[in-house]
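We have chain A already, so just place chain B on it with the hints.
One line per chain: the protein sequences are A and B, in this order.
Counting along the first sequence from 1, when you hit position 86 you're at 86 in our numbering, and nothing is skipped either side.
Counting along the second sequence from 1, when you hit position 358 you're at 358 in our numbering, and nothing is skipped either side.
Hints are computed from structural coordinates only; laboratory data are not their basis.
These figures come from a predicted structure and were not determined experimentally.
Glycine included, C-beta positions come from ideal geometry on N, C-alpha and C.
Careful: at least some of the hints might be erroneous.
[Claimed, not checked] Simulated DEER-style distance windows between Cβ atoms:
1. A:Ser-152 - B:Gln-180: 51 to 57 Å
2. B:Lys-176 - A:Gly-192: 34 to 40 Å
3. B:Ser-240 - A:Ile-146: 49 to 55 Å
[Said to hold, decoys possible] Once the Cα atoms are required to be at most 27 Å apart in a straight line, the calculated DSS-like pairs of lysine-lysine come out as:
4. A:Lys-198 - B:Lys-140
5. B:Lys-18 - B:Lys-140
6. B:Lys-349 - B:Lys-297
7. B:Lys-349 - B:Lys-473
8. B:Lys-18 - B:Lys-136
9. B:Lys-108 - B:Lys-451
10. B:Lys-127 - B:Lys-108
11. A:Lys-198 - B:Lys-133
12. B:Lys-18 - B:Lys-457
13. B:Lys-184 - B:Lys-133
14. B:Lys-453 - A:Lys-198
15. A:Lys-198 - B:Lys-172
16. B:Lys-421 - B:Lys-446
17. B:Lys-172 - B:Lys-18
18. B:Lys-349 - B:Lys-416
19. B:Lys-31 - A:Lys-198
20. B:Lys-349 - B:Lys-391
21. B:Lys-18 - B:Lys-453
22. A:Lys-198 - B:Lys-33
23. B:Lys-18 - A:Lys-198
24. B:Lys-297 - B:Lys-184
25. B:Lys-297 - B:Lys-316
26. B:Lys-108 - B:Lys-120
27. A:Lys-198 - B:Lys-136
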Amino acid sequence: MESPNLEKTMIQRKKHPKLQDYRFTLKLLGKNRLAAAGGVIVLVYFAIAVLDYVDPQYLQPYLNYILSGGSQAFYVPLGPGLSNGWAYIFGETEYNMPIFPYILAALKVDLTYTVFIVGSGALIGVVLGTISGYYGGYLDEVVMRITDIFFSVPTLVLALAIIFALQASSLLDIVYALIIIWWPTYARISRGQALSLKSMKYVEASTASGSSGLRNVFVHLMPNVLSPVMVQLSLDLGSVVGVFATLVFIGFMHLPNPYIPELGNIIVIGESEFTAVGAWWAVLFPGIFLFIFVIAVNLLGDGLRDVLDPKLRR
Amino acid sequence: MSDNNEKRNIVLYVSHIKKYFDISSGLKKSKGKVRALDDVTFSLYEGETIGVVGETGCGKTTLGRSLLRLIEPTAGDVYVNLPQEIMNSIINLEQRLNEIVDQDNVSKEDKNEQIKEVLKELGPLRKKYSLTKIHKREMKEYRKLMQPVFQDPYSSLDPRMLVKDIIAEPMKLLTKMSSQEIFKRTLDIIQEIGLSEDHLYRFPHEFSGGQRQRIGIARSLVIDPKVLVLDEPTSALDVSVQAQILNLMRSIQQERNISFIFISHHLSVIRMMADKVAVMYLGKAVEIAETNALFTKMLHPYTRALLSAIPIPDPKTKINRIILEGEIPSPSNPPNGCHFHPRCPVAMKNCGWSAQDLAQPIREMLDPFRNPESESFPRIIRIVTDNDENKIEIDFEDILSEPQESVRAINNLIQKESRLKGGIKFLAIDKVEAISADKIVITFIKYDVPKLKEVSKGHFVSCLIYEDTGQVKRDEVPNAEILA
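In isolation and in its complexed conformation, chain A is listed as follows:
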């Protein structure tokens, strides 16, 4: 091969065929209207969370007010309306805290922790599951029996037990508890995938080229295990936000600050206002934000399931 030709090919390589493949995936996803809608909503949520990180200035005064306990006096909270500025669109909750900025701050907290939980859970689960599926034998037996233990207790009960055992006193403790609970799902999914993939001839071909077992696991099995995991991951984003909020709502632990912006916590606070003075908006709006996110994430996950399989999508 002459060098000019080689250079030409090198230039061609810069077209990034993998990127093109992702673009193609997105295009397919766009064709599924519901999934696209879900995707857009999820993106908006994440954009808000990122904005909270990048430029928290617009929230800061409200947040300071909320974290210091609002007005600390029992005034009747304002109802939803446009007349009092953007922060008061959804009205006020206990101690005259404006709900909208409260929710926006909570999205940041919730999404950060959720991504962290699902991400670490998936990482632990996929690595353990793929390895145990590939090697089999005693390792597989042990890992799978451990996951059985986790599956034998209802998620929420187990979460409460772990939080109690950890003597949780911060949101981070809930995060640890949920990671412990969440990895077995991924371990099972990826183990099942690995079991069927390890007998694929391309794994054998790579062994015949001198690839070690661990290299097979990380180079050949994991990328192929990942598509069902991605689906599960997107669905879990919704359920983890829900469970996280539920745990805070149940109020099993002593939070350092009772007014921590977290959707479940906002609903707890709003609930007392609702029973006291009939402030329905204090429960409804944070609830709607939670609900929309869970729905959107589920729609996206369903769409991903159809799109991610390279064989199905042609």
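Using the frame of chain A, we list chain B on its own:
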């Protein structure tokens, strides 16, 4: 061709390779063994193709996988691409060892003494050169020399990798080439196998079956191996594409002087591709011969039956099909002696008939509902087969009135049965004895185990009817006309 063979180098020598799979249940190991591959020996010259044929489950694929050490062989040795003097001396030693083990008329101590002597020389060589003995870390050197091509082009390419990465993988793992060199080599090889460079930037699912198989071939060729193990490389493809792929492989072989192990159950493909053919049955090679010799002068009755199944595209031609009865036996409990004897149309009495084959026929012989002549016998309670001592015990419900008379009657029945079609197995009965008033024991003659022997030059067959002389023992073989 056999004349040039003296000058050509032997690139691969496989000696008595075996693979037994454990039958395990749960955590408890080993309830038995499946003898997927049971003692196969062959050699392969540079640039030569050996075809491996046999029906499903005969161990063809296991052979290929064991050679590549994708599964660990239970026993046996594989030598590949050694300097010719070393290869020759190893082959000599292995053959001498084999001769010693096969000797019949030597005492056990003498045998062990001789074996020890040979092993003194052979042992270190095995440890150093045999692919089955060397450490896994050292395998890398040999993986460069032997590469597989798989049957199913749909599962043999990683769906998440670009073609260029798939082809580059062996080079990345086995050589120290720079990424520039690797890329250049990838480019060369993709053109050599008839695709173009923009195919490099696609995923496997964007190709047709034939193109995928070409990519698979490119991957195995890219590090210039000496031996390719082709495991049914065309059976998943359309017939028109098959021909293209076969032609491609032929031209590759001619250009690069690679040896092929061509595993297939497609006999016409084997006839076109292979220089010599190994026919396998139940984990054993039953006949190894040059292709022409095999297709014109097949010796083993199984080969005969197999080749008679090749369809001839002419409705007027009459084919003398040999239709084998029964099914292929389970490799976890293979028949004694020659594995093929229960289905063999020309089996002799010493081919391996034993208690496990005869329990059922004897029961039927003594059942008055099937055989009116056995009316005089009481009902049978049970028939116990003793495979270790190779005998059958028959328990009767009542005592036999006159044991000696009954024994004679049974002997008569056996004689009668042995004259019927398929009655050869009854000739394997040595004697019938009455050991108590209601118990009869039937013992069998000693059966022989066939060994792969060179009958004529380069033509190996493992069949007792050619034993000793290399000619059909016409007086002992029933239905000898089949072999004409």
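Structure-based check of each hint:
1. Range check, A:Ser-152 to B:Gln-180: Cβ separation about 56 Å, and the 51 to 57 Å hint holds.
2. As the Cβ distance of B:Lys-176 to A:Gly-192 is approximately 38 Å, the hint placing it in 34 to 40 Å holds.
3. The beta-carbon spacing between B:Ser-240 and A:Ile-146, approximately 53 Å, falls within the hinted interval of 49 to 55 Å.
4. Proximity of A:Lys-198 to B:Lys-140 is assessed by CA-CA distance (about 21 Å); at most 27 Å being required, the pair is judged to hold.
5. Distance restraint check for B:Lys-18 and B:Lys-140: the Cα-Cα separation of roughly 22 Å lies within the 27 Å cut-off, and the hinted pair is therefore satisfied.
6. Proximity of B:Lys-349 to B:Lys-297 is assessed by CA-CA distance (about 25 Å); at most 27 Å being required, the pair is judged to hold.
7. Restraint check for B:Lys-349 and B:Lys-473: the C-alpha separation of about 12 Å stays at or below 27 Å, so the hint holds.
8. Annotation: proposed proximity of B:Lys-18 to B:Lys-136 holds, straight-line Cα distance about 19 Å (limit 27 Å).
9. At most 27 Å may separate the alpha-carbon atoms for a hinted pair to count; B:Lys-108 and B:Lys-451 meet this at roughly 20 Å.
10. Note on B:Lys-127 and B:Lys-108: the hinted pairing holds, with a Cα-Cα distance of about 26 Å set against a maximum of 27 Å.
11. The suggested pairing of A:Lys-198 with B:Lys-133 holds, with an alpha-carbon distance near 25 Å, which does not exceed 27 Å.
12. Taking the CA atoms of B:Lys-18 and B:Lys-457, the gap is about 26 Å. The hint holds against a cut of 27 Å.
13. Restraint check: the Cα-Cα separation between B:Lys-184 and B:Lys-133 comes to about 36 Å, which exceeds 27 Å; the hinted pair is violated.
14. In summary, the hint linking B:Lys-453 to A:Lys-198 is not supported, as the alpha carbons are separated by about 40 Å, beyond the 27 Å threshold.
15. Note on A:Lys-198 and B:Lys-172: the hinted pairing holds, with a Cα-Cα distance of about 21 Å set against a maximum of 27 Å.
16. Only pairs whose Cα atoms come within 27 Å are accepted, and B:Lys-421 paired with B:Lys-446 is accepted, the gap being roughly 22 Å.
17. This hinted pair does not check out: B:Lys-172 and B:Lys-18 have alpha carbons roughly 32 Å apart, beyond 27 Å.
18. At roughly 15 Å between alpha-carbon atoms, B:Lys-349 and B:Lys-416 fall within 27 Å of each other, so this suggested pair holds.
19. A threshold of 27 Å between alpha carbons decides the hint, and for B:Lys-31 with A:Lys-198 the separation of about 25 Å falls inside it, so the pair holds.
20. Taking the CA atoms of B:Lys-349 and B:Lys-391, the gap is near 16 Å; set against the 27 Å cutoff, the hint holds.
21. For the given pair, B:Lys-18 sits about 18 Å from B:Lys-453 by alpha-carbon distance, which is consistent with the 27 Å threshold.
22. As the CA atoms of A:Lys-198 and B:Lys-33 are separated by approximately 23 Å, the hinted pair is consistent with the 27 Å bound.
23. Between B:Lys-18 and A:Lys-198 the alpha-carbon distance is near 24 Å, which keeps this suggested pair within the 27 Å criterion.
24. Restraint check for B:Lys-297 and B:Lys-184: the C-alpha separation of about 49 Å exceeds 27 Å, so the hint is violated.
25. The straight-line distance between the Cα atoms of B:Lys-297 and B:Lys-316 is roughly 23 Å, inside the 27 Å bound, and the hint therefore holds.
26. Of the pairs offered as hints, the one joining B:Lys-108 and B:Lys-120 holds, with about 18 Å between alpha carbons and a cut-off of 27 Å not exceeded.
27. In summary, the hint linking A:Lys-198 to B:Lys-136 is supported, as the alpha carbons are separated by about 20 Å, within the 27 Å threshold.
Checked against the numbered hints above, the structure breaks hints 13, 14, 17 and 24 and satisfies the rest.
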